[in-house]
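Chains G and R, in that order, are what the protein sequence lines are.
According to this note's numbering, the first sequence holds residues 1 to 294 in order.
According to this note's numbering, the second sequence holds residues 295 to 569 in order.
I should point out that these hints are in silico values taken from the structure, not numbers from a laboratory.
The reader is advised that the hints may include incorrect statements.
Taking lysine-lysine pairs in the DSS-like style, the calculated list, with each CA pair at most 30 angstroms apart, reads [claimed, not checked]:
id	chain 1	residue 1	chain 2	residue 2
1	R	LYS355	G	LYS72
2	G	LYS72	R	LYS358
3	R	LYS505	G	LYS51
4	G	LYS51	R	LYS509
5	G	LYS51	R	LYS520
Covered stretches of chain G (in silico footprint by chain R; criterion: 3 or more residues with CB under 8 angstroms from a CB of chain R, positions within the stretch not fixed) [what the hints assert, rightly or not]:
id	segment
6	147 to 155
7	201 to 213
Even for Gly, the Cβ is constructed at its ideal location relative to N, Cα and C.
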Amino acid sequence: MLNKSVKPLTLVDLAVVLAVTAGVFFFFVRMVQVLDYHWDWQAIPGYFLFKDPETGRFHANMLLQGFGTTLKLSIWSMGIAFVLGTLSGIMGARGGFIGQMISRFYVETVRNIPSLVLVILFYYFVSSQFLDAMGLDQWVRNQSAPVTRAISLLLAESGQINAFVSAAAALAIYEGAYISEIVRGGINGVSGGQWEAAWSLGLSPFNTFRLVILPQAFRRAAFPLAGQFISTIKDSAIVSVISVQELTFQGMELMAATFLTFEIWITITLLYFILTFSLSRTISFFEKRMAIRQ
Amino acid sequence: MFDMKKVLMAVGLILLMPLALCLAGETGDRLSKESVIEKIQKDKVIRVGMSTFVPWAMKDKQGKLVGFEIDVARQLAKDMGVDVEFVPTAWSGIIPALMTGKFDVIIGGMGITAQRNLKVNFTTPYDYSGMSMVAHRKKAQGFSSLADFNKKDVNVAVRMGTTAEQAARKFLPKASLRLFENESQALQELNLGRVHAVVSSAPMPVFHALKYPDKLFVPLEENFTKEPIGFAIRKGDPDAVNFFNNWIINQHASGFLKEKKAFWFESRDWEDLVK
């Protein structure tokens with residue numbers, strides 16, 4: 001463990017805690033008064049799981065399905081963004097003139113387009129040209145039942161696959177631009193002395209990069225990268241505009257049908273928080289482990 | 295003297311004639327092959343674009359789609375001998391999504407308007423809807439006509455991109471409009487008393503007023519517009535228009551549409567399905 005001494009609680013700390021608690025309490029009291037809202041939390045658990053009256057088995061309902069889609073979407077786009085961003089970052093730091101130009105072009109273009117616009121452009125123009133024209137959804141429909149099930153487990157059902165793939169690609173391209181800058185900064189941050197030391201040991205330039213520079217660069221980039229992954233989860237909410245059935249979309253559909261506006265928004269907020277908070281806790285756990293190893 | 299040019303042109307025309315006739319025949323052939331009807335039958339699935347609108351289309355407690363449109367689309371698919379796949383789509387993007395081929399047809403309570411018709415083709419109406427209004431008891435006290443709401447300091451909430459928005463602009467030009475992506479947001483604004491009224495397709499305003507009788511009321515006795523509702527398909531597909539039109543005429547004649555309309559719009563038997 002790290003040697004961190006626990007400081008004793010002072011009067012000031014106590015006052016701050018009390019003030020915050022009072023503030024939160026007052027906020028909720030006011031909210032209930034001002035809104036004059038008929039709270040109805042009873043229906044909410046049913047939107048996670050429902051019991052099939054015939055078989056007596058439980059099935060995932062809209063919110064849980066949406067949560068699953070958000071999770072799948074985040075994992076796919078993070079994975080692709082990581083590959084894309086690392087390649088572009090390496091090109092930006094170590095590539096020749098052309099490589100650096102390509103990397104800069106990618107990063108500057110994507111970073112200067114709002115993510116919402118990028119998602120919509122991708123869905124209506126790029127995906128219409130490729131995914132729809134290739135008939136990806138029809139191909140999925142024609143597969144045998146186990147294959148279709150596997151695809152719907154990993155990606156999405158046939159009816160939603162084009163939108164899902166398009167959303168994952170757009171998000172990956174968007175996040176990849178930020179990852180590219182993080183990786184480039186990490187590589188450039190490794191001191192020149194490391195290169196010279198590796199050369200003097202007789203390592204080839206490629207091996208120097210692979211064995212000496214990149215591991216150090218990634219250690220530097222690890223925590224900004226982790227932050228970017230958390231951002232990806234939050235950014236995934238914007239793909240609801242192209243009707244990908246992720247958590248936000250499902251929540252809005254539910255609100256349109258039930259008018260339980262606040263209950264559903266609060267539930268969605270909690271779900272995103274659970275996802276991002278547990279990820280950030282996991283990361284700080286590894287952060288501590290790595291700090292010890294160093 | 296022969297004019298060599300004219301002769302050559304005449305000969306050329308005679309030679310081209312059969313080709314032109316062939317092309318004309320092929321155009322008809324090509325049109326029917328490219329029709330979405332052909333595609334639906336080949337793929338064995340009809341993809342229907344829709345958006346949640348109570349009680350046209352909504353998810354029930356088990357996450358299954360139910361509603362008037364859903365019944366219509368299911369029956370249509372059954373009669374075509376294909377499966378149906380619903381593509382829930384945000385209303386503001388539903389026409390671009392149809393135009394770029396994200397689904398085959400919109401069956402989503404879409405009112406037939408001239409502006410929309412410039413972008414897509416509509417079938418003959420399978421239903422008629424009208425605009426109605428639900429108002430806040432305190433804010434809109436004593437309001438009982440459209441003229442009462444057509445004032446500068448009156449706020450009206452509507453769902454963006456709907457015919458409700460157009461109706462509000464036309465009938466309440468002086469009132470200030472607040473636009474929302476979803477109906478539930480507009481209604482929330484009304485429940486909080488931030489707007490005087492919500493304009494929306496019947497029967498939703500009446501249902502909503504019945505739910506909060508101490509807070510809301512229905513100021514107008516009758517719907518103030520009557521709107522034809524049709525299926526929307528991509529342009530340039532006469533076969534599909536013909537097929538869907540005749541299907542709709544048949545369903546009017548057999549009483550199917552009337553029966554479904556009575557269930558979803560005049561009764562509230564379905565409410566247990568949803569909540």
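*Take the C-alpha atoms of R/LYS355 and G/LYS72, compute the straight-line distance between them, and say whether it is at most 30 angstroms.*
It holds: about 24 angstroms lies between the C-alpha atoms, which stays within 30 angstroms.
_Pairwise hint evaluation, R/LYS358 against G/LYS72, where the allowed Cα distance is 30 angstroms at most_ = The hint holds at about 22 angstroms.
*For the pair we were handed, G/LYS51 and R/LYS509, check the Cα-Cα distance against 30 angstroms.*
Violated, at about 35 angstroms.
_If you count the residues of the segment 201 to 213 of chain G with a beta-carbon closer than 8 angstroms to a beta-carbon of chain R, do you get 3 or more?_
violated (count 0)
*Could you grab the alpha-carbon distance between R/LYS505 and G/LYS51 and see if it respects the 30 angstroms cut-off?*
Between R/LYS505 and G/LYS51 the Cα gap is close to 27 angstroms, so the pair holds against 30 angstroms.
*Restraint check for G/LYS51 with R/LYS520, where alpha carbons must lie at most 30 angstroms apart*: Violated - the C-alpha atoms of R/LYS520 and G/LYS51 are around 41 angstroms apart, more than 30 angstroms.
*Are 3 or more residues of the segment 147 to 155 of chain G near chain R, judged by a Cβ distance of less than 8 angstroms?*
violated (count 0)
Checked against the numbered hints above, the structure breaks hints 4, 5, 6, 7 and satisfies the rest.
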